[in-house]
Amino acid sequence: MDYSVYPRNDVLCIDMRSFYASIEAVKLGYDPMEVMLAVVGDPNRSGSIVLAASPALKKRYGISNVSRYFELPNDPNIIIVPAHMGDYLRMSVEITKLLNNYAPPEAIHVYSVDEVWVTVNGLGKLFGDRWEIAKRIKDDIMDSFGLTASIGIGDNKFLAKVVMDLHAKKSGIAECKYEDVEEKLWPSPIQAIWGIGHRMTKNLHRMGIVTLGQIANYSLDSLKKRFGIMGEQLYWHAWGIDLSPVFGDFTKTEQKGFGHGIALLRDYTGEEVGACILDLCEEACRRARTGGKAGRTIQLGISYSKDTAGGFSRSKSVDIPTNVTMDMYDVCMQMFNEYYDGKSMIRHVNVGLTKLYDKEEMDIQLDLFDDRTKKNDIGYVMDSIRDRFGTTAILRASSYTDAGITRERSKKIGGHFA
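With the first letter of the sequence shown counted as 1, position 289 gets the number 272 in our numbering; the numbers rise by one all the way through.
Hints may contain errors.
[What the hints assert, rightly or not] Label pairs and their calculated CB-CB ranges: (1) Gln174 with Pro65: 30 to 36 angstroms; (2) Phe53 with Gly129: 29 to 35 angstroms; (3) Glu115 with Lys208: 42 to 48 angstroms; (4) Ser(-13) with Tyr94: 27 to 33 angstroms; (5) Asp341 with Glu165: 47 to 53 angstroms; (6) Thr252 with Arg189: 39 to 45 angstroms; (7) Phe53 with Leu226: 43 to 49 angstroms; (8) Pro(-10) with Pro65: 41 to 47 angstroms; (9) Gly244 with Leu72: 16 to 22 angstroms.
[Unchecked claim] Straight-line distance between alpha carbons at most 25 angstroms, and here's what the computed DSS-like set of lysine-lysine pairs gives: (10) Lys10 with Lys42; (11) Lys42 with Lys152; (12) Lys153 with Lys167; (13) Lys326 with Lys289; (14) Lys299 with Lys338; (15) Lys167 with Lys118; (16) Lys80 with Lys121; (17) Lys108 with Lys80; (18) Lys207 with Lys185; (19) Lys41 with Lys121; (20) Lys121 with Lys153; (21) Lys338 with Lys239; (22) Lys160 with Lys121; (23) Lys10 with Lys152; (24) Lys108 with Lys118; (25) Lys118 with Lys160; (26) Lys118 with Lys153; (27) Lys160 with Lys108; (28) Lys167 with Lys185; (29) Lys153 with Lys41; (30) Lys299 with Lys239; (31) Lys153 with Lys42; (32) Lys41 with Lys152; (33) Lys10 with Lys80; (34) Lys121 with Lys167; (35) Lys80 with Lys118; (36) Lys152 with Lys167; (37) Lys42 with Lys121; (38) Lys121 with Lys10; (39) Lys152 with Lys121; (40) Lys152 with Lys80.
In short, the hints are calculated from the structure, not lab data.
Every residue gets a Cβ at the ideal spot worked out from N, C-alpha and C, and that includes glycine.
Generate coordinates for the entire structure from the input sequences, incorporating the hints supplied.
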């Protein structure tokens, strides 16, 4: 591979080790790397997910972030802490502010609450080479917040991310240049590579491909024929090639739709689930109105409880784009009544509003229908009240029933208590 034709940048991928668990350990005065601590979504529910486990807990008992509360061993040395999502988000913001001391905003790409890419091109005179910058940042995060960071260094985002996942979590800082790909990445199993999910792993295993090096040495045409554009991306990533931008406004992305979903805290009957669907439609439409959008395609997904399994996912298009809650709800209930088996208990509900139009396009069509205009205006009035006085300042009556979800969700961030 002739790497001379591809751009080389100085990219760091910074990951906070066991972020949630480390924050809780620091709050309690423990060493995050030594204490056995688990962050549980809701300790009052035995089936609640372990959102984060400290490195010591992972190492001793093999606890992962997909474990359940009831799977934790009965060890008095394990500290159980409920999630505090507000604290984690605030800390994430503070870490990003710290990174602004090293690079301008357009060089910082926040990937998740605990992971970020930073491009440090041209900063040598200020802070040294990219290794020295990585060490400075790692030490600064530890000194400022008491948190341990793992940092991958690469010629592009992919290399920085993958070498961080594979090597930096053990050594603290690791680097992968184009010339290092064969030695440092090719021997790795494909399931350990960022961007290769469970389904793709199974497909590649059927083809006899188990390492990244085997992808690199597979026929590009065959991968494209089998997987389309994903196959082409697999091939180039296997060679360490990634042309995604390293500078820019990474906060702006095109909105494809507005969806909302929930894993219910208990099984719902068919008669109860309507209140849940209405609350979800309310939130999806509120977000659409805030974004100045309306949608023509309405989606509903229902998953039954584990005792019966199954469910359905359907969509239906309407003639006029809408962001009116009751319009969306009526269509969702039509689909529910048509496809629900009439007896299964329900545990997951999702709604979506897609095929978006700008509000201006919708208004032209609404002018012909005064009643629709009034319904649309009601939504905006309710939004303004909630923006001023809080999300629960004005609710539909169904939200106050046992089946309503809005009041409980208002106490949470990302589905977990703030």
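Okay, the hints, checked on the actual structure:
Here the CB-CB span from glutamine 174 to proline 65 is close to 31 angstroms, well matched to the stated 30 to 36 angstroms. For the pair phenylalanine 53 and glycine 129, the supplied restraint of 29 to 35 angstroms holds, since their beta-carbon distance comes to about 31 angstroms. Taken as a hint, the range 42 to 48 angstroms holds for the pair glutamate 115 and lysine 208, whose Cβ atoms sit roughly 45 angstroms apart. A beta carbon spacing of about 29 angstroms between serine -13 and tyrosine 94 agrees with the range 27 to 33 angstroms that was offered as a hint.
As the Cβ distance of aspartate 341 to glutamate 165 is approximately 49 angstroms, the hint placing it in 47 to 53 angstroms holds. Roughly 41 angstroms separates the CB atoms of threonine 252 and arginine 189, a value that falls within the hinted 39 to 45 angstroms. The hint said 43 to 49 angstroms for the Cβ distance between phenylalanine 53 and leucine 226, and at roughly 46 angstroms that hint holds. The hinted range of 41 to 47 angstroms is satisfied by proline -10 and proline 65, whose Cβ atoms lie roughly 45 angstroms apart.
Judged by the Cβ atoms, the range 16 to 22 angstroms given for glycine 244 and leucine 72 holds: they are separated by roughly 20 angstroms. Straight-line distance between C-alpha atoms of lysine 10 and lysine 42 comes to about 22 angstroms, which keeps the hinted pair within the 25 angstroms bound. Among the hinted pairs, lysine 42 with lysine 152 is consistent with the structure: their alpha-carbon atoms are about 13 angstroms apart, no more than 25 angstroms. A threshold of 25 angstroms between alpha carbons decides the hint, and for lysine 153 with lysine 167 the separation of about 14 angstroms falls inside it, so the pair holds.
Simply put, lysine 326 and lysine 289 have alpha-carbon atoms about 14 angstroms apart, close enough for the 25 angstroms limit, and the pair holds. For the given pair, lysine 299 sits about 11 angstroms from lysine 338 by alpha-carbon distance, which is consistent with the 25 angstroms threshold. The suggested pairing of lysine 167 with lysine 118 holds, with an alpha-carbon distance near 21 angstroms, which does not exceed 25 angstroms. About 14 angstroms separates the Cα atoms of lysine 80 and lysine 121, which keeps this hinted pair within 25 angstroms; it holds.
For the given pair, lysine 108 sits about 21 angstroms from lysine 80 by alpha-carbon distance, which is consistent with the 25 angstroms threshold. Proposed proximity of lysine 207 and lysine 185 is supported: the alpha carbons are some 17 angstroms apart, at most 25 angstroms. Taking the CA atoms of lysine 41 and lysine 121, the gap is about 22 angstroms. The hint holds against a cut of 25 angstroms. Proximity of lysine 121 to lysine 153 is assessed by CA-CA distance (about 14 angstroms); at most 25 angstroms being required, the pair is judged to hold.
A distance of roughly 7 angstroms separates the Cα atoms of lysine 338 and lysine 239; the hinted pair therefore holds under the 25 angstroms criterion. Taken as a hint, the lysine 160 and lysine 121 pair is honoured in the structure, with Cα atoms around 20 angstroms apart against an allowance of 25 angstroms. Under the criterion of a C-alpha separation no larger than 25 angstroms, the hint pairing lysine 10 with lysine 152 is consistent with the structure, at around 23 angstroms. At roughly 16 angstroms between alpha-carbon atoms, lysine 108 and lysine 118 fall within 25 angstroms of each other, so this suggested pair holds.
About 18 angstroms separates the Cα atoms of lysine 118 and lysine 160, which keeps this hinted pair within 25 angstroms; it holds. Simply put, lysine 118 and lysine 153 have alpha-carbon atoms about 15 angstroms apart, close enough for the 25 angstroms limit, and the pair holds. Between the alpha carbons of lysine 160 and lysine 108 the distance comes to roughly 21 angstroms, so the proposed pair stays at or under 25 angstroms and holds. A C-alpha spacing of about 23 angstroms is found between lysine 167 and lysine 185, which places the hinted pair at or below 25 angstroms, so the restraint holds.
Under the criterion of a C-alpha separation no larger than 25 angstroms, the hint pairing lysine 153 with lysine 41 is consistent with the structure, at around 14 angstroms. At most 25 angstroms may separate the alpha-carbon atoms for a hinted pair to count; lysine 299 and lysine 239 meet this at roughly 16 angstroms. For the suggested pair lysine 153 and lysine 42, the alpha carbons sit about 12 angstroms apart, so the restraint of at most 25 angstroms is met. Restraint check for lysine 41 and lysine 152: the C-alpha separation of about 13 angstroms stays at or below 25 angstroms, so the hint holds.
In summary, the hint linking lysine 10 to lysine 80 is supported, as the alpha carbons are separated by about 20 angstroms, within the 25 angstroms threshold. At most 25 angstroms may separate the alpha-carbon atoms for a hinted pair to count; lysine 121 and lysine 167 meet this at roughly 22 angstroms. For the hint pairing lysine 80 with lysine 118, the CA-to-CA distance comes to about 17 angstroms; that is within 25 angstroms, so the pair holds. The straight-line distance between the Cα atoms of lysine 152 and lysine 167 is roughly 14 angstroms, inside the 25 angstroms bound, and the hint therefore holds.
Between lysine 42 and lysine 121 the CA atoms are separated by roughly 22 angstroms; this keeps the pair inside 25 angstroms, and the hint holds. Between lysine 121 and lysine 10 the alpha-carbon distance is near 20 angstroms, which keeps this suggested pair within the 25 angstroms criterion. About 13 angstroms separates the Cα atoms of lysine 152 and lysine 121, which keeps this hinted pair within 25 angstroms; it holds. As the CA atoms of lysine 152 and lysine 80 are separated by approximately 23 angstroms, the hinted pair is consistent with the 25 angstroms bound.
Violated hints: none; the structure is consistent with every hint.
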